[in-house]
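Visitor: Sequence:
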Amino acid sequence: MTSKLRNAALAAFILCSALGTHPIAAQIPDARVVPRGALRITFAPVYSNYDSRFALGSSTFADGDEEPLGADLTVDALGRNVFSTLSDPTLAVRELTGDSAFEFNMGSLTTDLDGDVRVFPFDFALGVSDRFSINARIPIVTTRVNSFSVLDTASAEAGLNPLAPEAIDATARADIGTLIGDLTAGADFVEAQIAAGSFGCPGGGTCAAAQQAVDQARTTSSALATMTGIFRADGRLPPGVPTASSTVGTAIMATVASVISDLENLGAPVVGGSLHLPTTPLDAENIDGILTGNSFGYGLFPLETTKLSRFGDFELGFRYLAINTASIRTVIRSMVRLPTGTLDATNNVLDISTGDKQTDIETGLEFVYATRQRLGVSAAAAYTLQMSHSRVRRRTRPDQPIALAGEETLVTRSPGNIFAFSIHPWLQLGEGVKVFGSASFYDKGSDAYRRTNPTLADRVLPPVSVLGLESGNTTWSFGGGLSYRSTRNGRNVPQLPIEAGINYLSAFSGSGGLTPKFNRLNLYLRLYYRIFGERL
Numbered sequence: 001m002t003s004k005l006r007n008a009a010l011a012a013f014i015l016c017s018a019l020g021t022h023p024i025a026a027q028i029p030d031a032r033v034v035p036r037g038a039l040r041i042t043f044a045p046v047y048s049n050y051d052s053r054f055a056l057g058s059s060t061f062a063d064g065d066e067e068p069l070g071a072d073l074t075v076d077a078l079g080r081n082v083f084s085t086l087s088d089p090t091l092a093v094r095e096l097t098g099d100s101a102f103e104f105n106m107g108s109l110t111t112d113l114d115g116d117v118r119v120f121p122f123d124f125a126l127g128v129s130d131r132f133s134i135n136a137r138i139p140i141v142t143t144r145v146n147s148f149s150v151l152d153t154a155s156a157e158a159g160l161n162p163l164a165p166e167a168i169d170a171t172a173r174a175d176i177g178t179l180i181g182d183l184t185a186g187a188d189f190v191e192a193q194i195a196a197g198s199f200g201c202p203g204g205g206t207c208a209a210a211q212q213a214v215d216q217a218r219t220t221s222s223a224l225a226t227m228t229g230i231f232r233a234d235g236r237l238p239p240g241v242p243t244a245s246s247t248v249g250t251a252i253m254a255t256v257a258s259v260i261s262d263l264e265n266l267g268a269p270v271v272g273g274s275l276h277l278p279t280t281p282l283d284a285e286n287i288d289g290i291l292t293g294n295s296f297g298y299g300l301f302p303l304e305t306t307k308l309s310r311f312g313d314f315e316l317g318f319r320y321l322a323i324n325t326a327s328i329r330t331v332i333r334s335m336v337r338l339p340t341g342t343l344d345a346t347n348n349v350l351d352i353s354t355g356d357k358q359t360d361i362e363t364g365l366e367f368v369y370a371t372r373q374r375l376g377v378s379a380a381a382a383y384t385l386q387m388s389h390s391r392v393r394r395r396t397r398p399d400q401p402i403a404l405a406g407e408e409t410l411v412t413r414s415p416g417n418i419f420a421f422s423i424h425p426w427l428q429l430g431e432g433v434k435v436f437g438s439a440s441f442y443d444k445g446s447d448a449y450r451r452t453n454p455t456l457a458d459r460v461l462p463p464v465s466v467l468g469l470e471s472g473n474t475t476w477s478f479g480g481g482l483s484y485r486s487t488r489n490g491r492n493v494p495q496l497p498i499e500a501g502i503n504y505l506s507a508f509s510g511s512g513g514l515t516p517k518f519n520r521l522n523l524y525l526r527l528y529y530r531i532f533g534e535r536l
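Under my numbering, think of the first position of the sequence shown as 1, with each following residue one higher.
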């Protein structure tokens with residue numbers, strides 16, 4: 001076997017070994033430029049996965065603790081903590097029952113999520129001179145989130161709103177509308193009698209009781225309308241109401257019956273209609289129906305596995321070899337990242353974007369120090385300036401990802417800038433073969449949001465500034481790998497190199513709230529071709 005074939009075989013072995021191991025890190029900084037007149041083509045796929053994140057800090061988790069990736073979609077009692085349109089109905093039920101602590105409970109929702117990102121870049125670098133090279137990257141990115149949700153309704157006290165088409169209750173709207181209308185008409189009748197001096201009014205007989213009955217009837221009719229959403233101009237229904245057999249459902253029915261009795265005892269016309277309450281709690285299909293249906297205003301994809309394959313953000317840059325001695329090499333590099341990726345969709349809670357889709361300018365430094373004892377250290381530092389850009393987002397806190405379609409707003413995002421640093425001590429095992437460790441630090445500042453069009457309704461809450469919550473994050477990660485580089489053939493004559501390697505990186509600590517605890521595997525094979533200049 002010739003020396004060149006042996007080199008290629010060793011490179012192939014490194015690649016095949018990587019496929020059989022667990023995830024990666026970024027490639028070890030080599031502080032080199034492509035030789036003058038050479039074109040380097042790199043195959044460097046990256047696989048990252050995670051099913052947990054570093055918490056921001058809550059009653060359940062301390063800052064930096066590990067929490068499940070699906071924590072924001074896991075609740076003991078499903079209510080307005082997930083579905084914001086249950087906020088007003090919650091207050092209405094409190095009014096109807098007198099229970100100031102009431103919260104909707106549509107069951108215990110558990111959502112298990114795990115995500116992975118696969119990057120398949122086409123990397124090209126051309127040596128312009130012995131110290132200067134230019135490079136480009138065209139990445140194809142596949143992102144995927146696996147989702148599995150379970151709704152346990154053992155403790156549930158609420159079910160699907162009977163006004164929703166999915167409830168298949170043909171008479172609910174007519175009966176509830178009649179009930180509310182007759183309560184209002186009864187209150188009007190008694191109020192007219194009070195004004196005419198009946199019930200010993202003013203100030204005598206049962207006048208106070210009659211006025212109280214009027215007030216209670218108006219309060220009850222208004223609260224029933226809010227709880228069910230029957231008269232909403234936008235047609236957006238609250239997703240749930242208390243079940244008939246629940247404690248709170250029984251209390252509501254008792255309140256309605258008492259109000260009707262008081263009105264009729266005061267001579268009001270007979271109140272017709274009836275209050276329809278669900279007899280069963282929600283099920284998993286109801287959850288998907290609430291998210292996707294036209295009746296509730298969310299207009300989202302269901303909570304199911306999501307996959308996206310698109311181009312990522314293209315990169316153009318250069319590298320300059322500033323110092324090149326027998327023991328020290330230093331490269332200055334700069335790069336522009338272009339907005340060619342695909343953003344996550346506003347109507348999909350779970351998808352991951354294939355790029356930031358904004359312009360970035362990144363400047364960095366690579367450093368290598370080698371001793372004569374086959375020991376050395378590589379290091380790299382980079383600072384990324386992220387430019388502002390406009391996008392459509394739904395106004396919602398990151399810990400409440402289920403947002404209404406009507407909350408979509410054109411905003412200007414000013415991303416936080418990024419600083420990254422890594423250090424890699426290494427040992428050369430043999431000719432061209434190194435084993436190395438990795439320690440990496442990553443810090444991103446918080447994002448700032450403002451409305452692109454300041455004439456949009458500022459009264460609508462939440463404000464767009466909530467989009468920037470938990471957007472800053474810090475991560476420490478550790479790993480290691482193996483690299484191979486050969487630059488000689490069997491006659492001991494320099495030639496264009498053959499390079500390959502694998503690297504594994506895992507996040508060990510972090511903060512920020514939306515910081516993934518990732519594992520990452522990177523493998524690479526670099527092939528060189530002489531384009532111009534002297535052939536070695």
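Rather than coming from a laboratory, the hints here were simulated on the basis of the structure.
A portion of the hints provided could be inaccurate.
[What the hints assert, rightly or not] With a straight-line cut-off of 25 angstroms between C-alpha atoms, the simulated DSS-like cross-links for lysine-lysine are:
#1 K517 <-> K357
#2 K357 <-> K444
#3 K307 <-> K517
#4 K307 <-> K357
#5 K517 <-> K444
Visitor: Please go over all the hints and tell whether each is borne out by the structure.
Guide: Now for the hints, and whether the structure bears them out:
1. Among the hinted pairs, K517 with K357 is consistent with the structure: their alpha-carbon atoms are about 23 angstroms apart, no more than 25 angstroms.
2. Restraint check for K357 and K444: satisfied, since their Cα atoms lie roughly 17 angstroms apart, inside the 25 angstroms limit.
3. Under the criterion of a C-alpha separation no larger than 25 angstroms, the hint pairing K307 with K517 is consistent with the structure, at around 20 angstroms.
4. The straight-line distance between the Cα atoms of K307 and K357 is roughly 18 angstroms, inside the 25 angstroms bound, and the hint therefore holds.
5. Between K517 and K444 the alpha-carbon distance is near 15 angstroms, which keeps this suggested pair within the 25 angstroms criterion.
Consistency note: the structure conflicts with none of the earlier hints.
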